[in-house]
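Novice: The chain contents come next:
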Amino acid sequence: MTVSRYRKFTVVTALAAFAMLSGAAFAQQPIKIGYAADMSGVCGPLVDGATKAFKLGVEELNKSGGLLGRKIEVIERDTKTRPDEGAKEVRDLIVNHKVDVVTGVCSSAVLLAETAVSAEFKVPFYSAIGSTQTANIEKWQPYFWQTQPNALMEAVAAAEYVARNKNWKKIVPLAYDYEWGHTSVKAFSEHLKKLRPDVEIAAMVPVKLGETNLTSYITAVLAQKPDAVYGAIFGGGLVNLVKQGKGFGFFQQTNLVTLTTVDFLQSMGADMPDRGMSGFSRAPFYALLDNAKAKAFTEAFKARYNKDPDDWAVLAYDGLMFYAEAVKQAKSTRAEDLMKAVTSIRYAGLRGNMVVRPLDGQMNAPSWVGTVGKNPNYPYMVLKDLVRIEADKTMPTEAAIKAGRAAAK
Amino acid sequence: MSAPITGSRSAAPAIPGAIPWRVVIPPVLAAALMLAVLGPGAALVITDVLIMVLFASSLNLLMIYGGMVSFGHAAYFGLGAYGLALPVAKLGLPVWAALALGPLAAALGALVFGALCVRLSHIYFAMLTLACAEITYTVLFQAYAFTGGDTGITKFMAPRLGLDPRLYGLVVLAVVCVCLALLWRLVNSPLGLAIRVVGEEPHRAAALGYNPRTVQLVAFMFAGLLAGVAGTLFSVYHGNAFPDYAGLGFTIDALVMVVIGGLHSFGGGVYGAVIYTVLKTFVSRYVDEWELVVGVILLAVVLASPRGCAGALARIGAMLRNKSS
Amino acid sequence: MIAVQIVNGLMEGMMLFLIASGLTLIFGITRIVNFAHGSFYMLGAFLTYQFSPYLLPGTVGGFVLSVLAAALCMMLLGMLFELLVLRRIYGSDDLMQLIITVALVLVIRDAVRMIWGRNDVVVSMPEGLSGALQIGGSFFPVFQLAIFGAGVLVLAVMVMVIRFTRAGILLRAATDDRGMVALLGINQSLIFTGVFAVGSFLAGLAGGLAAPFGNINYLLDTTVIVTAFIVVVIGGLGNLYGALAAALAVGVLKGLGVLFFPRLSMVLIFLIMAGVLIVRSLGREAVGK
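Residue numbers (my numbering), protein chains in the order written: chain A, 53 to 461; chain B, -18 to 306; chain C, 7 to 295.
Because the hints were derived from the structure by calculation, they are not lab data.
Computed from a prediction, not measured in an experiment: that's the story for all the values here.
Fair warning: there could be bad hints in the mix.
[Stated by the list, open to error] No farther apart than 25 Å at their CA atoms in a straight line, the calculated lysine-lysine pairs in the DSS-like style are these:
{"id": "1", "chain 1": "A", "residue 1": "K461", "chain 2": "B", "residue 2": "K136"}
{"id": "2", "chain 1": "A", "residue 1": "K174", "chain 2": "A", "residue 2": "K392"}
{"id": "3", "chain 1": "A", "residue 1": "K218", "chain 2": "B", "residue 2": "K71"}
{"id": "4", "chain 1": "A", "residue 1": "K104", "chain 2": "A", "residue 2": "K354"}
{"id": "5", "chain 1": "A", "residue 1": "K191", "chain 2": "B", "residue 2": "K71"}
[To be verified] Selected chain A positions facing chain B (in silico; Cβ < 10 Å):
{"id": "6", "residue": "D136"}
{"id": "7", "residue": "E137"}
{"id": "8", "residue": "E231"}
[As the list claims (entries may be wrong)] FRET-style restraints, in silico, Cβ to Cβ:
{"id": "9", "chain 1": "B", "residue 1": "L174", "chain 2": "C", "residue 2": "G174", "range": "45 to 51 Å"}
{"id": "10", "chain 1": "B", "residue 1": "R194", "chain 2": "C", "residue 2": "P59", "range": "24 to 30 Å"}
{"id": "11", "chain 1": "C", "residue 1": "S195", "chain 2": "A", "residue 2": "N427", "range": "57 to 63 Å"}
Glycine included, C-beta positions come from ideal geometry on N, C-alpha and C.
The whole structure should be built from the sequences, with the hints applied where relevant.
Specialist: See the structure below:
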């Protein structure tokens, strides 16, 4: 054990050096944004486009003189899609780097861990991708807001879409077996029942998270002969569902209603079935092109990165610009002033005019629903016959929020 | 895996059982000093490292002395966290009272799973520990009405019991030192000897009158208990509990830490935890591909010195001593 | 409905066998637990994605060529790894060999992420295999049937090699008694390198064959290695027929599980393995070992 003495000293000294480096003081002048995102792990693919767009936005702001005449500095951290890492990074960003605001998160679990840290230190925190309604209801705190439809809102929008198809009488929900999946199916089923009491909604078929071979689920669903399948699935699992489903004649026998964001559309490309697919989307750039800001952003993104921006990219950029607008109106980055502005301003953004509700920090973000089909302008299929469903139809009511909070106590 | 790893190749201290104060006191003092002096931000990092030191040392006991490679050690870490969080969040127990329940839950889990696992050995033992951990993780993940599910349990207490990070760091330092001291006493006690013998040559141990299963189960429970303490400390540090704490991520972290630290000494858990946590925290900020860095370091450590960092430095130390003589 | 699930389960099981065969083969002969097996599978998928636009894209023949090319690359990589790294630590304890393969996993995963990025890549289904075959009232993907056929072919080739060739006799001898084989003057290192090469080839082959059926990203290695391990452990390490039986059983049980115990799907495979292991341990106790 005598040798370990040398080892312990060396390590301890190295540790001290690192610790001191990390505590080094930063200049107070720039506006610092802590970007704690899930770059590795299951959320990685989604965060990729978002980060690119976010950086583009920061550049644009800095080029036009920054915010309140101050340069914007972004400090990036990887949460590895682990809630403890997310909490740790956000704590470090706040305590050691004195960031003015935190954002970037995608996973619901990491979001909840980070929002607790934001509440602890009273530093503003917003989510442009992660969308759990728990952050608005049970675990809401006054320094939080989110700029895309939360899980409940999206499920309601999907139900609105399904309700319009009068010849769909039997629906089978297929969802990832975790909180988001269950919440989504529950909200979808409840709202659909209200709109169309004649529809039969079967019991949810739960899919193991991360499962690559979905064939048994596909056959189990098809055996029930549904008119439509509500798929609360995303990312790789959705790709698998479609690819494997094709082999079972899924899209000849029934319709799939699912999260059809642009990244999914892009990755499927020509392999996407040309019938039987429809879905909901959060910020499809191709539906926003008559908005001048959205058009400018899409062109800038394409010029820089040589691909069209996916929903996450649009959301990240829009979220950043909303923050910028709030800072401008508040004339400060101080938490109290900023949150007042956040919950009161009207923001003319890429998706139209947006406000954030003070009660739960939820922005009145719309959803888009439609059918998947070919579009000559793009090398991949997109949603056609698009309907924009406004938030006033989908946002949880004040009564529901208060009830949810009371139940959680 | 044809031969288990043994602890008997480590250098024995002069007086069996006595704590080597000359080796222990300087780093403990240094840690306390850094916690007091370097500010809350640094204290948060150091506390994280200390908790991992305990977690890795618990696995070190199991692997090095007991010869049992576990692929599911994070289960007890997670049980330690939820053993604290659930009673507070769901039953309204005060935090002070629930602090003991975390390690208790972990020890119970280790008893139940251990009783099943010690009937097997080598890769089969490892795979069964993996199954047990995955089942634990899944129960925590899926039973969201009861355990909060994948979105975890947050805001059930003020992080660090409301203490300043530096003060909490000192508390953690004290707890970890006590636990490591207990571990040291265990390893050098007759029971510790029994654990080592069973780990090295189970048939010989049986011939000597030990019941290998019982001895292994005791080692397993002790390791689980310490992992549970680490889990409880971690839950208090963050003020939350997530199913991830029982998941593969933390299990692999612990395995990598034990390996980096060298596979043949008591301090392996300590070195490995410090090196790995510092690497993970700081390297990942500057390098996207930090896992690659860890992989390369692992390869280098193992190839250059089959006995890990402790072994490498033992050789350097020996060379230095030869030079001076 | 149950019949459909069982048939589907068998097909899924054959895919699992393809994944597990290389792993159990390597362990059976060299006693190395190759954690990088999942990473080789993943690389096989990525390389297939890389090659397929250049080798008669869209056709079945082109697909087969891409897969074989990818598998050959993996074979070479495996041989290189064995020669350069594994050889040096054959003498030291098994834990070290395990750690080395884990280090390889980390290196490959980040290398894949650096080369191909974070996003999913998709291998197009070759035209000839993208249809559905109607059996009774249900449809089955032609692709899955083709993979089943491929699995049977691989199994047949392996069985023939093991039973009827000299190499096979050496393999069987080496599994039973390594020392004796060495005493007989057979070059053990050649056997080990050869086995590792074949195992890596099989991993790459499985990855490539499965590529058009699902999404491919840098996280694939973790899912695959856990599944592969479970199948191999259930079947008994080193036991090829055991791996086949285990793979088919797991596939069928999973299919039935979706129908009858849907919420258990996360743990089903672990419960099966735990059950098998515990029952085996009881058996050993009864025998008095």
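Novice: Confirm or reject each hint.
Specialist: Here is what the structure says about each hint:
With a C-alpha separation of about 11 Å, the suggested pair K461/A and K136/B falls inside the 25 Å cut-off, and the hint holds. Of the pairs offered as hints, the one joining K174/A and K392/A holds, with about 14 Å between alpha carbons and a cut-off of 25 Å not exceeded. About 44 Å separates the Cα atoms of K218/A and K71/B, which puts this hinted pair outside 25 Å; it is violated. Simply put, K104/A and K354/A have alpha-carbon atoms about 11 Å apart, close enough for the 25 Å limit, and the pair holds.
Restraint check: the Cα-Cα separation between K191/A and K71/B comes to about 15 Å, which is no more than 25 Å; the hinted pair holds. A least Cβ separation of about 6 Å between D136/A and chain B falls short of the 10 Å threshold, and the interface hint therefore holds. Hint status for E137/A: holds, given a least beta-carbon distance of 9 Å to chain B, under 10 Å. Look at E231/A: its Cβ gets to within about 5 Å of chain B, closer than 10 Å, so that hint holds up.
Taken as a hint, the range 45 to 51 Å holds for the pair L174/B and G174/C, whose Cβ atoms sit roughly 47 Å apart. For the pair R194/B and P59/C, the beta carbons lie near 58 Å from each other, so the given range of 24 to 30 Å is not met. Range check, S195/C to N427/A: Cβ separation about 59 Å, and the 57 to 63 Å hint holds.
Against the hints set out earlier in the document, violations occur for numbers 3 and 10.
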